[in-house]
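Asks: Spelled out, the chains give:
2 protein chains.
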Amino acid sequence: MRLGVIGGGAIGLLTAAYLRKFGNEVTVFTRSPLQAKQLRERGVTLHRNNKLEVFSVHAQAIDEVVELNADILFVTVKQFHIEDLFQTLQQKSFIPQAMVFMQNGMSHLNFIKELPIHSLFIGIVEHGAMRLSGTEVEHTGVGIIKIGAVKGGSNNWDDLWKSISHKEFQVVVLSDWLKIMNRKLVVNSCINPLTALYRVKNGVLVSNTHFLKLMRAVFDETVLSLELDDIEEMWNEVLLVCKKTANNRSSMLRDIEKRNETEIDAILGYVLSIGEQKHLKLPITKFLFESIKGIEQEEREKVE
Amino acid sequence: MRLGVIGGGAIGLLTAAYLRKFGNEVTVFTRSPLQAKQLRERGVTLHRNNKLEVFSVHAQAIDEVVELNADILFVTVKQFHIEDLFQTLQQKSFIPQAMVFMQNGMSHLNFIKELPIHSLFIGIVEHGAMRLSGTEVEHTGVGIIKIGAVKGGSNNWDDLWKSISHKEFQVVVLSDWLKIMNRKLVVNSCINPLTALYRVKNGVLVSNTHFLKLMRAVFDETVLSLELDDIEEMWNEVLLVCKKTANNRSSMLRDIEKRNETEIDAILGYVLSIGEQKHLKLPITKFLFESIKGIEQEEREKVE
Numbered sequence: 001m002r003l004g005v006i007g008g009g010a011i012g013l014l015t016a017a018y019l020r021k022f023g024n025e026v027t028v029f030t031r032s033p034l035q036a037k038q039l040r041e042r043g044v045t046l047h048r049n050n051k052l053e054v055f056s057v058h059a060q061a062i063d064e065v066v067e068l069n070a071d072i073l074f075v076t077v078k079q080f081h082i083e084d085l086f087q088t089l090q091q092k093s094f095i096p097q098a099m100v101f102m103q104n105g106m107s108h109l110n111f112i113k114e115l116p117i118h119s120l121f122i123g124i125v126e127h128g129a130m131r132l133s134g135t136e137v138e139h140t141g142v143g144i145i146k147i148g149a150v151k152g153g154s155n156n157w158d159d160l161w162k163s164i165s166h167k168e169f170q171v172v173v174l175s176d177w178l179k180i181m182n183r184k185l186v187v188n189s190c191i192n193p194l195t196a197l198y199r200v201k202n203g204v205l206v207s208n209t210h211f212l213k214l215m216r217a218v219f220d221e222t223v224l225s226l227e228l229d230d231i232e233e234m235w236n237e238v239l240l241v242c243k244k245t246a247n248n249r250s251s252m253l254r255d256i257e258k259r260n261e262t263e264i265d266a267i268l269g270y271v272l273s274i275g276e277q278k279h280l281k282l283p284i285t286k287f288l289f290e291s292i293k294g295i296e297q298e299e300r301e302k303v304e
Numbered sequence: 001m002r003l004g005v006i007g008g009g010a011i012g013l014l015t016a017a018y019l020r021k022f023g024n025e026v027t028v029f030t031r032s033p034l035q036a037k038q039l040r041e042r043g044v045t046l047h048r049n050n051k052l053e054v055f056s057v058h059a060q061a062i063d064e065v066v067e068l069n070a071d072i073l074f075v076t077v078k079q080f081h082i083e084d085l086f087q088t089l090q091q092k093s094f095i096p097q098a099m100v101f102m103q104n105g106m107s108h109l110n111f112i113k114e115l116p117i118h119s120l121f122i123g124i125v126e127h128g129a130m131r132l133s134g135t136e137v138e139h140t141g142v143g144i145i146k147i148g149a150v151k152g153g154s155n156n157w158d159d160l161w162k163s164i165s166h167k168e169f170q171v172v173v174l175s176d177w178l179k180i181m182n183r184k185l186v187v188n189s190c191i192n193p194l195t196a197l198y199r200v201k202n203g204v205l206v207s208n209t210h211f212l213k214l215m216r217a218v219f220d221e222t223v224l225s226l227e228l229d230d231i232e233e234m235w236n237e238v239l240l241v242c243k244k245t246a247n248n249r250s251s252m253l254r255d256i257e258k259r260n261e262t263e264i265d266a267i268l269g270y271v272l273s274i275g276e277q278k279h280l281k282l283p284i285t286k287f288l289f290e291s292i293k294g295i296e297q298e299e300r301e302k303v304e
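Chains as they are written, first to last, in our numbering: chain A, 1 to 304; chain B, 1 to 304.
For the record, the hints were derived by calculation from the structure and aren't laboratory data.
These numbers come from a predicted model, not from an experiment.
One thing to keep in mind: the hints can contain errors.
You can't tell identical chains apart in this list, so a pair holds if it fits in one copy or across any two.
As the list claims (entries may be wrong) - Simulated crosslink set (DSSO-like; lysine-lysine; CA at most 27 Å straight-line): (1) 201 with 302; (2) 302 with 244; (3) 213 with 146; (4) 278 with 213; (5) 258 with 37; (6) 146 with 21; (7) 92 with 179; (8) 51 with 184; (9) 258 with 302; (10) 151 with 281; (11) 146 with 167; (12) 302 with 243; (13) 258 with 201; (14) 113 with 244; (15) 51 with 179; (16) 281 with 213; (17) 213 with 302; (18) 184 with 151; (19) 51 with 113; (20) 151 with 243; (21) 21 with 258.
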């Protein structure tokens, strides 16, 4: 089976490296022709525990692809690029058999459900990875990828998941993936926007008594909107993630610092949209959402 | 009449300079013995429009005062130092005839009403001033001081106000001072916490569409809590202040940057306490209040 990875960011490069490491033929589809050229010439370099390995991959800029040499596409671009990406695929009449969407947040779920693709999966990525350059990625935390079948997830695919799953890159199929996505969304809702707003590391949300109180307020609105059970257990999980990743800067904080667009739409935007359907008032979530949007706007203006 | 100014900050030095300029005998009471010594030796230097004038003043550290050489005290320390200050005065049995409280915010009003002082006034300071050193102040914006009689404000005092009022340092007595304090509180509630949270200049709250929306949310909760009329007129005033002071950093932002304690208790703390008495929910105000408290805590820890 020919595997394709869309996106040359940290998760894209990490996925490509491990898929290739375990013997598959892999094509990386990037946005920039330059990155595709570099990947063709140099392969992907995977750093872990101060060791490095290089893997040869096929690579092409998505706009320059003539023929889609992939039966299954792992989509690792940010949630806000998915609609554009799908337009490109459609214009070229590229319809893979299956796609795996590996985004944070949940706001893309409704969109992908409607895609004319036979088998659609979501992949919940629990790895830590940092892109070092256009061809190098560091695997900073070994985790797991949880696969959920959104549509057409027949047993036919089980062999594939088994074949790509290995010790440092486990892939498991879960039936309760929606619950797990919800839980990940809660963690992201609590940690990402507040760390980006106050520009603090994850651990500060627990060590600072005022920020902890505010994180609980965000948590309460999020679980109210999503109508989740096991609330106190989930709160403990949020606290645990903050403590375990105390010295990390969240992805949203890093996006703000790099003046990139953040995933706020996919995270709090989704919580707000679900809340609106239920006519819930979520004043803190709304405030935080607009704050991050405002900070994004300021950072953009600094660049221009 | 012997005039005393408590506090050697920007407003304290500005007030001392102008009171002295127009012929009064003035004593400045400072916290630090060093600043008192410097003021005795060098006087107060007043900078305005690139000119400077020096005025001799008496000066003493408040803890070292043996005899209070003042009939009326202008209190310019921050609101959170007032209770400590009054304890010091009481221990020394210093009871002036009159005191004028020139703080931002309103949370000190209830406390000062109970003081065993014959005549109590509040002074609403609309000057721009910046302390350049322990003995130098720049008058950055000529405004006005509005006096309101909280207690014992008989006509006996009118001559005093007239005698200290001059073109660059106007002092006017107002009967509707409570309304004016409320309006100033609304402006402070809208501008100070948000600029400190996002670390932006005042003008950004109007130019950034997201921040503008959030400022309106803060405004709505503030006027709800204070039960004010003329709401849209007041909103226009808030916008006008943002535009007029577009390139200024608010006092709260400057306090955060200098790792000083902010006036958040006097501003949003007061709005929240009034709201609580009325059983109002003010989620945005509460969020903003805790945010500034949390940022203060973080900044303190950086110092320690």
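Asks: Against this structure, judge whether each hint is valid.
Replies: Verification of the hints:
1. 201 with 302: Both ways: residue 201 and residue 302 sit 23 Å apart in one copy and 13 Å across, limit 27 Å.
2. 302 with 244: between (34 Å within a copy, 22 Å between copies)
3. 213 with 146: Neither. Shortest intra-copy (31 Å) and inter-copy (39 Å) distances fail the 27 Å Cα cut-off.
4. 278 with 213: both (25 Å within a copy, 23 Å between copies)
5. 258 with 37: within (24 Å within a copy, 49 Å between copies)
6. 146 with 21: So residue 146 and residue 21 pass the 27 Å test inside one copy only (19 Å; across, 76 Å).
7. 92 with 179: Answer is neither; intra-copy 35 Å and inter-copy 67 Å both fail.
8. 51 with 184: neither (30 Å within a copy, 62 Å between copies)
9. 258 with 302: both (12 Å within a copy, 23 Å between copies)
10. 151 with 281: Neither, since 32 Å and 44 Å both go past 27 Å.
11. 146 with 167: Intra 14 Å, inter 74 Å, cutoff 27 Å: intra-copy only.
12. 302 with 243: This pair counts as between: shortest inter-copy Cα distance 20 Å, intra-copy 33 Å.
13. 258 with 201: Cα proximity of residue 258 and residue 201: in one copy and across copies (15 Å, 21 Å).
14. 113 with 244: Close neither inside one copy (34 Å) nor across copies (51 Å); limit 27 Å.
15. 51 with 179: The answer is neither: 36 Å in one copy and 69 Å across copies each exceed 27 Å.
16. 281 with 213: both (19 Å within a copy, 16 Å between copies)
17. 213 with 302: between (32 Å within a copy, 21 Å between copies)
18. 184 with 151: Within one copy only: 21 Å inside a chain, 59 Å across chains, cut-off 27 Å.
19. 51 with 113: Classified as neither; 40 Å inside a copy, 71 Å across copies.
20. 151 with 243: Close neither inside one copy (36 Å) nor across copies (54 Å); limit 27 Å.
21. 21 with 258: So residue 21 and residue 258 fail the 27 Å test inside a copy (31 Å) and across (52 Å) alike.
In this structure, the earlier hints numbered 3, 7, 8, 10, 14, 15, 19, 20, 21 are contradicted, and the remaining ones agree with it.
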